[in-house]
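*Asks:* Given next are the chains, with one letter for each unit.
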Amino acid sequence: MQREDKKKPAMEVRGLYFSYGKNKVLRDASFTIEEGEITTIMGANGCGKSTLFNLMTKNLCPRKGNIFLWGRNIQNLALKEFARKVSIVHQYNTSADDITVERLVSFGRTPHMKMMQARSQEDEEKIRWAMEVTNVETYRDREVGRLSGGQRQRVWIAMALAQSTKILFLDEPTTYLDIRYQIEILELVQRLNREYGITIIMVLHDINQAIHYSDRIIGLKDGRVAAWGAPGEIITPECIRELYGISLDVTNVEGKKFVLTV
Amino acid sequence: MSEEKMTVPEEARRMDQSRKKKKTARAALSFLILGVLLAALVFASINIGSLQVSFGELMRGLFVERIENVAAIYDLRFPRIVISLFAGAAVAVAGVLFQAVLKNPLADPGIIGISSGASFAAVLVTAFLPALYFFTPLFAFGGGVLAFFLVYSLSWKGGLSPLRIILTGVAVSAMFSGLSDALNSMTGGSSSGVASIVEGNITQKTWEDVQTLLPYVIVGLVLAVLFSKMCNLMTLEDKTARGLGVNVNLMRILISLVAVLLASISTAVAGAVSFLGLIVPHIGRILVGSDHRALVPFSMLAGAFTFLLADTIGRTVAAPYEVSASIIMSVIGGPFFIILLRRSKKYAA
Chain F
2 MQREDKKKPA MEVRGLYFSY GKNKVLRDAS FTIEEGEITT IMGANGCGKS
52 TLFNLMTKNL CPRKGNIFLW GRNIQNLALK EFARKVSIVH QYNTSADDIT
102 VERLVSFGRT PHMKMMQARS QEDEEKIRWA MEVTNVETYR DREVGRLSGG
152 QRQRVWIAMA LAQSTKILFL DEPTTYLDIR YQIEILELVQ RLNREYGITI
202 IMVLHDINQA IHYSDRIIGL KDGRVAAWGA PGEIITPECI RELYGISLDV
252 TNVEGKKFVL TV
Chain Y
39 MSEEKMTVPE EARRMDQSRK KKKTARAALS FLILGVLLAA LVFASINIGS
89 LQVSFGELMR GLFVERIENV AAIYDLRFPR IVISLFAGAA VAVAGVLFQA
139 VLKNPLADPG IIGISSGASF AAVLVTAFLP ALYFFTPLFA FGGGVLAFFL
189 VYSLSWKGGL SPLRIILTGV AVSAMFSGLS DALNSMTGGS SSGVASIVEG
239 NITQKTWEDV QTLLPYVIVG LVLAVLFSKM CNLMTLEDKT ARGLGVNVNL
289 MRILISLVAV LLASISTAVA GAVSFLGLIV PHIGRILVGS DHRALVPFSM
339 LAGAFTFLLA DTIGRTVAAP YEVSASIIMS VIGGPFFIIL LRRSKKYAA
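Heads up: the sequence lines are chains F and Y, in that order.
Residue 54 in the numbering used here is what sits at position 53 of the first sequence, and the numbering runs on without skipping anything.
Residue 263 in the numbering used here is what sits at position 225 of the second sequence, and the numbering runs on without skipping anything.
Quick caveat, the hints were computed from the structure, so don't treat them as lab data.
Each computed DSBU-like pair below joins lysine-lysine, with the alpha-carbon atoms no more than 30 angstroms apart:
hint: 1; chain 1: Y; residue 1: 141; chain 2: F; residue 2: 86
hint: 2; chain 1: F; residue 1: 9; chain 2: Y; residue 2: 277
hint: 3; chain 1: Y; residue 1: 195; chain 2: F; residue 2: 23
hint: 4; chain 1: Y; residue 1: 59; chain 2: Y; residue 2: 267
In silico contact screen, one side only, chain Y against chain F (beta carbon under 10 angstroms); selected entries:
hint: 5; residue: 279
hint: 6; residue: 280
hint: 7; residue: 329
Fair warning: this is a prediction, and the values are worked out from it, not measured in the lab.
Quick reminder that beta carbons are idealized off the backbone N, C-alpha and C, glycines included.
Based on the provided sequences and hints, a complete structural model is requested.
*Replies:* And the structure:
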């Protein structure tokens, strides 16, 4: 677990506890998210990754412990201020069917606008940029209800990008998509990170996708951080057994690790 | 994208744009036609009954000189027409707001019990505290808030299922209606002031009632317009809206209070009306789309139109006897509600 001390951590999670009633979901989870990296949270069902995601995105409040965003405790940040620094694409999204792509993406500007204000030049530019990066500009005037699943997911990402934040959270962004759209979304996520320097924190189910698209992996087991580090270093058969309770082979193909999931 | 490769992107973009234009045109046309129909209906309604005046006479009578017939119509029919218009607008907009914040297209102030809560409170005041008659709208608002609180908290189970809200609402509504009916019977039945609230009878309304209704309704409608942008955000998932910096829970409470205000005040003056807050927004979505910046104003006009139409039909269909607008609305609205239930996939599970 090396830390590059030059870079300030974008987020820091310290001694996080959370429980639903008597069911302890997180116990003493601590880790840091480095700026400019893609960090993936993974683990078996019920390991606490959704809870962790909700805590880090201010949808839940920790029982104990703190989460810092560039050194500031997020509990002391107003929702609006938080939304100017962090954008989130949730797993499940709904909208009116007849809203156009462009209108939906423009919702991303909400934290930067006053309630009665019209869009500024900057708003327009950010909206346009977000649609172009995600490749949805072509159908900006189309109703969201007429898009395919993969297109729709890119529109939700575009909405988050219109927030123009340095940190982007994605909760299982590939879940409802077939493999082609999955790769397309992951390539997009990687591009956002590499080209635009956006710090990415996401939850992924697919182990191999996590390995290949992440700079760092946080493996959760029973609410604790059981593995933390670069995927090339930490992914071993032992680690997989620890996280998922199953023995799987790990092979190397051209210097890249693959977990044989069958 | 496979879909995009089939048509040239430019071609697809043009098709999208022309679709969008068509929709905008349809919305504008809908507003226009509705405006014309509303004006025509108001004039027709002024003229339906034993007294009749021409348009010229009416204008002269109202703004230039005193004309006996016009003066009589002004005192007898105008209050009722104005009340119909504003009560209709209020109930329809209340429906739109409830549907937005409860994410439930079936939420209607009548069905989910707000109107009966408000009505019961109004009945209580009329029966036991007649001295406070002037404050009836405020008590009605209190009753509406109570009903909303009951429905909201009783149907909350880790989330709000559309169906559970409706079922709880039906129960709460039945309870309050029962209480109102009981009070009505205990205080002497159909001739009392209590009965006029229970039955939604607006025959005897005067300009005083208009004055009671108007300020609250206007405040509520203005607030609804101001909140319309927020309503658009509320239709997203709660988490998503929160991610955009929206304090979802606070907004839900505030917008609900505006909706309860509108529904309760109109109930206090014009009686409980079911289905109006359901039918009007539903048709509005088809004609002007689900953007609340258009839907709220449209529902205002369409609600006013529908209520006045129901009231006008009610007083002509069996003249000289009158059928109240709320009864007409129930007769039309019931089947409409069933059609909605059958056609929609969303509420089935």
